[in-house]
Amino acid sequence: MATHELTFPISDPGEILKLHAGDEVIVQGHVIGIRDRTQIRIFDHGVEPPIDLSGAFLLHTAPNVRKLGPGRYEKLCIGTTTSARMVRFTEGLGERYGVRAICGKGGFPDEAIEPMHRLGMVYMAIVGGAAALETTQIEEIEHVAWEDLMPECLWTFRVNDFGPLTVGIDAHGNSLYHDVQERANTKLEELYARFQ
Amino acid sequence: MSTTAVGLEEAVVEAAAHLYVWALKDIPRDLRDALAAACERETSVAGIRVLETIRRNVVIADEQENLVCQDTGIAVYYCRVGERFPLHPAGIYRALKAGTEQATVGHPLRSNTVHALTRENTGANVGYRVPIVHWDFVPDWDGLDVKCVPKGSGSENMSFLKMLVPADGVNGIKRFVLESIVGAGGKPCPPGIVGVGIGGSADYAMHLAKEAIARPVGTRNPDPLVARLENELYGLLNETGIGPMGLGGDVTVLQCHIEHADTHMTLNPVAVNYQCWAARRASAHISADGAVELDREF
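Chains as they are written, first to last, in our numbering: chain X, 466 to 661; chain F, 5 to 302.
Simulated from the structure, these hints should not be mistaken for lab results. Please note that a few of the clues may not be correct.
[What the hints assert, rightly or not] Only part of the chain X face toward chain F is listed, based on derived beta-carbon distances under 7 Å:
| id | residue |
| --- | --- |
| 1 | Y538 |
| 2 | K540 |
| 3 | G571 |
| 4 | A649 |
Think of the CB as a built atom: it goes at the ideal place given N, C-alpha and C, for glycine as much as any other residue.
Just chain X, with the same shape it has in the complex:
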């Protein structure tokens, strides 16, 4: 399993194809914070996001911040939320906006595998709950849009050595989550047989 360093937003989609499920990734550049209500606004209410998402790396987060002034926020504690709730937005994010990577915790169910394969996207797993560390890797909150959704706004963070992340679903149709579930279901039958 390889280790990669990638800077987002990316312009060459080929960078994504180098990643394989299980690989380790460290991210540099810019990360876009997004959450349930942000995506409900984009896709269910049909509001165009006010920032460019092409080649972007999205992070499932709703940060703890302190307001410094109009549109300016200081980070207090930034961590990552469960991704599975937001899986239905995957195709739209890739197809309409050119998003290349989605990062969260806990994984995406199998319905994300096909669109990620077709559109050249990856799901990267962060360590859920490791927010103290994650906060040190976010250098600055550069921009925030849709403050009325606080804390589920559209955040732009500048990061340094963000990770370690694990490629959970790659752009080649592989999902660690699918494989782990399949093996666990087989194992369950064996465990049931032991006490039944």
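Since the structure of chain X is provided, determine the placement of chain F on it from the hints.
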């Protein structure tokens, strides 16, 4: 209200405010030990990466006095009230609510509490019936124990209840716990503590499961029959291969705790409540004169 009761209520406010922040920043010794042991035991590459990152995160939270996890949770308190404690539970509840609000505004902490239908944020991690407080009353005692368990949503969303029938027996209980944890996969931030509530009624089974996750890691139910089931389920759950953050591995759970209650002859309820690896809890003992003693290991 007497002067004493006013002073005592203020002491409970201060204690609650302290406990909420303390629980979020500094995880207990027994949990740190369990995470260290998990790190030693894990053999998968992704699993080791996750567990080492978790341990690095706990150290950084200590050094920077930051929150271990950004999810400040829904505030849950467990109270053991002595029958001669001079402040009425209504006053204790008011104080826990004020303390939660004080901590949230003062730190500041992210506020997670929203109206159940409109989803509008109610501010300061308090709201209608929030914080959630569980009560126990202790005869012939004048003290108060308060345990604060901020409960994150990633793990709370992985809660499961099944009204099994008596014929399903203990094997049905084991199957349900196993299928629940495999189904939850990486979502509840494994490896954590699996709380199982058995018996009582539907609501009480879930209450017991929640009580189980709030115990110090690896403690055993005093009933040897139940303790044996805790050991057995702990072993079985770690054979599923779900692994740290669901990426595959040897350590799926840090522990399995069970609480039980007697039940109706035709009931066999089982509830599963998951607690993430950042199993936050902090406690205080408050005496009748308002003295507060902090103690994590209860």
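To see whether the hints hold, each was checked on the structure:
{"no.": "1", "hint": "Y538", "verdict": "violated (12 Å)"}
{"no.": "2", "hint": "K540", "verdict": "violated (10 Å)"}
{"no.": "3", "hint": "G571", "verdict": "holds (4 Å)"}
{"no.": "4", "hint": "A649", "verdict": "holds (5 Å)"}
Figure legend: structure checked against the earlier numbered hints; hints not met, in rising order: 1 and 2.
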